[in-house]
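Engineer: Residues per chain are reported as follows:
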Amino acid sequence: MTDKCASCHSCGFPMEKDDDFALGDRSQPYCCFCVDSHGALLPYETVLDANAKHYVQSQGVSAGAARSMAAALLATMPAWRDRPAA
Amino acid sequence: MARISRKEQKAATEQRLVDTAMEFFAAHGFAGSNTADVAKAANVSHGTVFLHFPTREALVLRVLDVFGDRLSVAFKTAMQEDLSLEGVLRAHLSVLRECEDFYARLVQEGALLPPQARSYLFILHASVSNRLHLAALVDSAAGNMRPIKQHLLFNTWIALVHYYIAHADIFAPGDSVIATKGDELVEHFLNLCRK
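Residue numbers (the numbering used here), protein chains in the order written: chain A, 6 to 91; chain B, 7 to 201.
Check before you lean on any hint, since a few could be wrong.
[Claimed, not checked] Below, in silico cross-link-like pairs of lysine-lysine (DSSO-like), each with a Cα-Cα straight-line distance of 27 Å or less: (1) K58(A) x K22(A); (2) K201(B) x K187(B); (3) K58(A) x K155(B); (4) K22(A) x K82(B); (5) K13(B) x K82(B); (6) K46(B) x K82(B); (7) K155(B) x K187(B); (8) K16(B) x K46(B); (9) K58(A) x K16(B).
[Claimed, not checked] Computed far set for chain B versus chain A, every beta-carbon distance over 10 Å: (10) R62; (11) L89; (12) E115; (13) R124.
Hint data in this document are derived by calculation from the structure and do not stem from the laboratory. Yeah, the Cβ is synthetic: ideal placement off N, Cα and C, and Gly gets one too.
Produce the complete structure using the sequences and hints provided.
Structural biologist: The structure is reproduced here in structure tokens:
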């Protein structure tokens, strides 16, 4: 196996190709899905919803479980780990 | 001889702890391993473990984070050669084969792990699910594939794989169940999906 690749500091998405990075720029810490058209990080709730929706669509888990798992994951990410608990 | 900085030394020790813990968890399971065992196997003091990881859970999560990243990269690399449905299935099995013992522990004990730990596995699963879905769309457009919802396509596959991995001791005693049964599982799954 290969070593750790760059991963999004917001959602953990592994980033390999230029297109995977925000604005197609490899120096960006976030992936293309976690930023707006100007490269600014999207709000927490938006990222959480997108991740939860991804779990539901890809694996059919319940919306509540998907949201809990996505929240648990985001809590470990540099972009959100210092965010006060809701 | 080049001198190693304190920062490099710290990173090297942490990496050794993670690698050792991964091997230990693979051999003894998550529930059956403690930080003292990992410290001894890594040839460091027990206190050194806590300098890097304040709790046992932090060590487990770090191991799973590294494992998830390695698996995701390995899957993407394996995928670059063949984007067909069969190619995705075989790429998935090939990366699981590389870490079969550790993955088996995740399958067997995953429900007992912290929520973040399950999330790491779900990231990988989401990636595999997406690839299967994209490959299935191509086959569907060509009229070769039954219409199957994305999550059911993936869940059917992963249920098959996990069942065999969880019961490797009876399907392939003393051997890799993926190496032994992988071809049969791929062939069976393709037969289920294809018209």
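Engineer: Now tell me, hint by hint, if it's right for this structure.
Structural biologist: Checked hints:
1. Distance restraint check for K58(A) and K22(A): the Cα-Cα separation of roughly 23 Å lies within the 27 Å cut-off, and the hinted pair is therefore satisfied.
2. Proximity of K201(B) to K187(B) is assessed by CA-CA distance (about 23 Å); at most 27 Å being required, the pair is judged to hold.
3. In summary, the hint linking K58(A) to K155(B) is supported, as the alpha carbons are separated by about 15 Å, within the 27 Å threshold.
4. For the suggested pair K22(A) and K82(B), the alpha carbons sit about 11 Å apart, so the restraint of at most 27 Å is met.
5. A distance of roughly 31 Å separates the Cα atoms of K13(B) and K82(B); the hinted pair therefore is violated under the 27 Å criterion.
6. For a cut-off of 27 Å, the pair hint linking K46(B) to K82(B) is broken: about 35 Å separates their Cα positions.
7. A threshold of 27 Å between alpha carbons decides the hint, and for K155(B) with K187(B) the separation of about 26 Å falls inside it, so the pair holds.
8. About 17 Å separates the Cα atoms of K16(B) and K46(B), which keeps this hinted pair within 27 Å; it holds.
9. Proximity of K58(A) to K16(B) is assessed by CA-CA distance (about 38 Å); at most 27 Å being required, the pair is judged violated.
10. Taking the minimum C-beta to C-beta distance to chain A, about 16 Å, the non-interface status of R62(B) holds against the 10 Å cut.
11. Separation of L89(B) from chain A is adequate, the least Cβ-Cβ distance of about 15 Å exceeding the 10 Å criterion.
12. Even its closest Cβ contact with chain A, about 17 Å, leaves E115(B) beyond 10 Å, as expected for a residue assigned away from the interface.
13. The Cβ of R124(B) does not lie farther than 10 Å from every Cβ of chain A; its closest approach is about 6 Å, which violates its non-interface assignment.
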